[in-house]
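Just so you know, the protein sequences line up as chains B and D, in that order.
This note's numbering puts the first sequence at residues 16 to 266.
This note's numbering puts the second sequence at residues 2 to 243.
Incorrect hints may have been included.
[Claimed, not checked] If you anchor each label on the Cβ, the simulated ranges turn out as follows:
1. B:K29 to D:R21: 40 to 50 Å
2. B:L130 to D:R19: 19 to 29 Å
3. B:G52 to D:A213: 14 to 24 Å
4. B:K108 to D:I146: 27 to 37 Å
5. D:Y236 to B:K108: 38 to 48 Å
6. B:K108 to D:F192: 28 to 38 Å
7. B:S154 to D:F192: 44 to 54 Å
[What the hints assert, rightly or not] The list that follows gives simulated cross-link-like pairs (lysine-lysine, DSS-like), each with its CA atoms no further than 27 Å apart:
8. D:K18 to B:K126
9. B:K84 to D:K7
10. B:K29 to D:K7
11. D:K35 to B:K108
12. B:K126 to B:K108
13. B:K108 to D:K97
14. B:K126 to B:K138
15. B:K29 to D:K97
16. D:K18 to B:K84
17. D:K18 to D:K3
18. D:K218 to D:K35
19. B:K126 to D:K35
20. B:K138 to B:K41
21. B:K108 to B:K138
22. B:K123 to D:K18
23. D:K18 to B:K108
24. B:K148 to D:K35
25. B:K129 to B:K148
26. B:K29 to B:K230
27. B:K138 to B:K84
28. D:K18 to B:K129
29. D:K218 to B:K108
[Said to hold, decoys possible] Only part of the chain D face toward chain B is listed, based on derived beta-carbon distances under 10 Å:
30. S112
31. Q114
32. L118
Keep in mind that the hints were calculated from the coordinates and are not lab data.
For every residue, glycine included, the Cβ atom is placed at its ideal position computed from N, Cα and C.
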Amino acid sequence: MIEINNIQKSFDGKTVLHNISGYFDKGKTNLIIGSSGTGKSVLLKCIVGLVQPDEGSVFYDNRDFTHGKRQVRREIRREIGMLFQGAALFDSKNVEENVMFPLDMLTKMHKEEKLDRVNSILKRVGLENSNNKMPSELSGGMKKRVGIARALVANSQYLFCDEPNSGLDPITAIVIDNLIHEITHELDITTIVVTHDMNSVMEIGERVMFMYKGKKLWEGSNENILDNEIPELQDFMYANKLMEAVKKRNG
Amino acid sequence: MKAIGKYFIFLGLLLVKRERFMVYVRLILDECIKIGVGSLVIVSIVSTFIGAVTCIQTAYNLVSPLIPNYIIALIVRDMTLLELAPTITAIVFAGKVGSNIASELGTMKISEQVDALEVMGINSISFLALPKIMASLITYPMLVILAAFLSHMGGYLAGTLTEAITPTEYIYGIRAEFQAYSVFFALQKSFVFAFLVSSISSFEGYYTSGGALEVGKSSTSAVTKSCISILIADYLLAELLL
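Kindly produce the complete structure, drawing on both the sequences and the hints.
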């Protein structure tokens, strides 16, 4: 489980995160949703340590990541895997080398053992026989799959996904969402997904945190999100015409 | 001043929290091939023509019958060893390698590849920039030695083909009053220039933010700042070491 306490962050005097607290369950797909510019990605970067919060702390299974000892932070880092918005694959490395990279850097495994692990995770994300392809030869969806494989290959306990659906067609977006969801349950890991896609919320949002102008306005699950009475969240949800149609159909 | 301070912090971060030694060995070898071997053609062409032009222009200006012809070769030797081989090659090096380093790191930065390294707990500055700097320090002095040799050859070819100087006179002039310290001085300069070009370009690339336009700006800025720092360092080294 990941717990965040009173996270606050400002850039050039402008506060982008206002005292955000909450928790993200293990074995569930936790979503942080909100419109563009509400601070979702900044919050995610604070959680993974790419941005240092001005105030507050982040706990990974009761281990203080923000103010803990260097050794503790290092241990936690090795348990983190992240899928970036554009997948962030290393351009100069092929698929196999990209996925093997965390194993090369973080473990002392033998080459054969690493190769077995890479092939197994590539198979799991549906990319067997793509080992020698370069990132420039991959489609958006394939890049995301390789990004997921790279994030999980070193037995990560925490998976972070920053807008995994961006730039993907609706069908591929659903496939990627389901892949993240299935892997979270299979490996019993803590997954946090930042998104503004309501389809993702309804599809995989077991626990959802809604942010608006740097503040947390609501949290719950996709089962009770339709019943909320927060105007900002309703505006966000029903901006999507599909969701509006669903609401009408459900009376 | 803020940028200079940031540059020194960047240099400090190169040496902290490094990865395993063998990781760097492999990366440095890769970079040596990219930086050193990749610069061979342009350095060879530039240095050969510089030697040739220096020889012809010196011959054109030395019209007095009191000055022996071998002086032309002597001037070509000293000019290329002391100045042209290390400095002009450094400018070429900044244009080719410096811009390449800045654009590579800049692209990695804006496409979140640097963040991907940081998330894994890897010191991205050390992992990305240190091998480039080390490879530059290894290969650039070799390029300067090659440039000096080819400049002499260029001068020989131009001088003898235009009959400005005979082969015997040229070889005599190259060897006359030779001071080994000139070679040592050229190598000292080459180490300093290699460090400046690679570290400034890495710094400019690493701190790129924005999009493709900013990558282009970082690349231009890397070349400009590298060239200016080369010229300042060139003057300071001449003052201090000659």
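Hint-by-hint comparison with the structure:
1. Roughly 41 Å separates the CB atoms of B:K29 and D:R21, a value that falls within the hinted 40 to 50 Å.
2. Look at B:L130 against D:R19: about 26 Å separates their beta carbons, and that is inside 19 to 29 Å.
3. Against the hinted window of 14 to 24 Å, the Cβ-Cβ separation of B:G52 and D:A213 comes to about 22 Å, which satisfies the hint.
4. Checked against the given bound of 27 to 37 Å, the beta carbons of B:K108 and D:I146, roughly 33 Å apart, stay inside it.
5. Look at D:Y236 against B:K108: about 42 Å separates their beta carbons, and that is inside 38 to 48 Å.
6. The hinted window of 28 to 38 Å between B:K108 and D:F192 holds, with their beta carbons roughly 31 Å apart.
7. Hint check: B:S154 to D:F192, Cβ distance near 46 Å, so the stated range 44 to 54 Å holds.
8. Using a Cα cut-off of 27 Å, the hinted pair D:K18 and B:K126 holds, with the two alpha carbons roughly 25 Å apart.
9. For a cut-off of 27 Å, the pair hint linking B:K84 to D:K7 stands: about 26 Å separates their Cα positions.
10. Restraint check: the Cα-Cα separation between B:K29 and D:K7 comes to about 23 Å, which is no more than 27 Å; the hinted pair holds.
11. Of the pairs offered as hints, the one joining D:K35 and B:K108 holds, with about 15 Å between alpha carbons and a cut-off of 27 Å not exceeded.
12. With a CA separation close to 16 Å, the supplied pair B:K126 and B:K108 stays within the 27 Å bound.
13. With a C-alpha separation of about 22 Å, the suggested pair B:K108 and D:K97 falls inside the 27 Å cut-off, and the hint holds.
14. A C-alpha spacing of about 18 Å is found between B:K126 and B:K138, which places the hinted pair at or below 27 Å, so the restraint holds.
15. The hinted pair formed by B:K29 and D:K97 fails the criterion: a straight-line CA distance of about 40 Å is larger than 27 Å.
16. Only pairs whose Cα atoms come within 27 Å are accepted, and D:K18 paired with B:K84 is accepted, the gap being roughly 15 Å.
17. Taking the CA atoms of D:K18 and D:K3, the gap is about 24 Å. The hint holds against a cut of 27 Å.
18. Distance restraint check for D:K218 and D:K35: the Cα-Cα separation of roughly 22 Å lies within the 27 Å cut-off, and the hinted pair is therefore satisfied.
19. For a cut-off of 27 Å, the pair hint linking B:K126 to D:K35 stands: about 25 Å separates their Cα positions.
20. With a CA separation close to 24 Å, the supplied pair B:K138 and B:K41 stays within the 27 Å bound.
21. Distance check on the hinted pair: B:K108 and B:K138 sit about 19 Å apart at the alpha-carbon level, within 27 Å; holds.
22. For the suggested pair B:K123 and D:K18, the alpha carbons sit about 18 Å apart, so the restraint of at most 27 Å is met.
23. Pair hint D:K18 plus B:K108 holds up; C-alpha atoms about 24 Å apart against a cutoff of 27 Å.
24. Between B:K148 and D:K35 the alpha-carbon distance is near 22 Å, which keeps this suggested pair within the 27 Å criterion.
25. For the suggested pair B:K129 and B:K148, the alpha carbons sit about 18 Å apart, so the restraint of at most 27 Å is met.
26. With a CA separation close to 13 Å, the supplied pair B:K29 and B:K230 stays within the 27 Å bound.
27. Taking the CA atoms of B:K138 and B:K84, the gap is about 37 Å. The hint is violated against a cut of 27 Å.
28. This hinted pair checks out: D:K18 and B:K129 have alpha carbons roughly 24 Å apart, not beyond 27 Å.
29. Distance restraint check for D:K218 and B:K108: the Cα-Cα separation of roughly 26 Å lies within the 27 Å cut-off, and the hinted pair is therefore satisfied.
30. Because the smallest distance between the Cβ of D:S112 and any Cβ of chain B comes to about 6 Å, under 10 Å, the interface hint for this residue holds.
31. This hint holds: D:Q114 has a C-beta 5 Å from the nearest C-beta of chain B, less than the 10 Å allowed.
32. Among the interface hints, the one on D:L118 holds; its C-beta lies about 9 Å from the nearest C-beta in chain B, closer than the 10 Å criterion.
In summary, the numbered hints that this structure violates are 15, 27.
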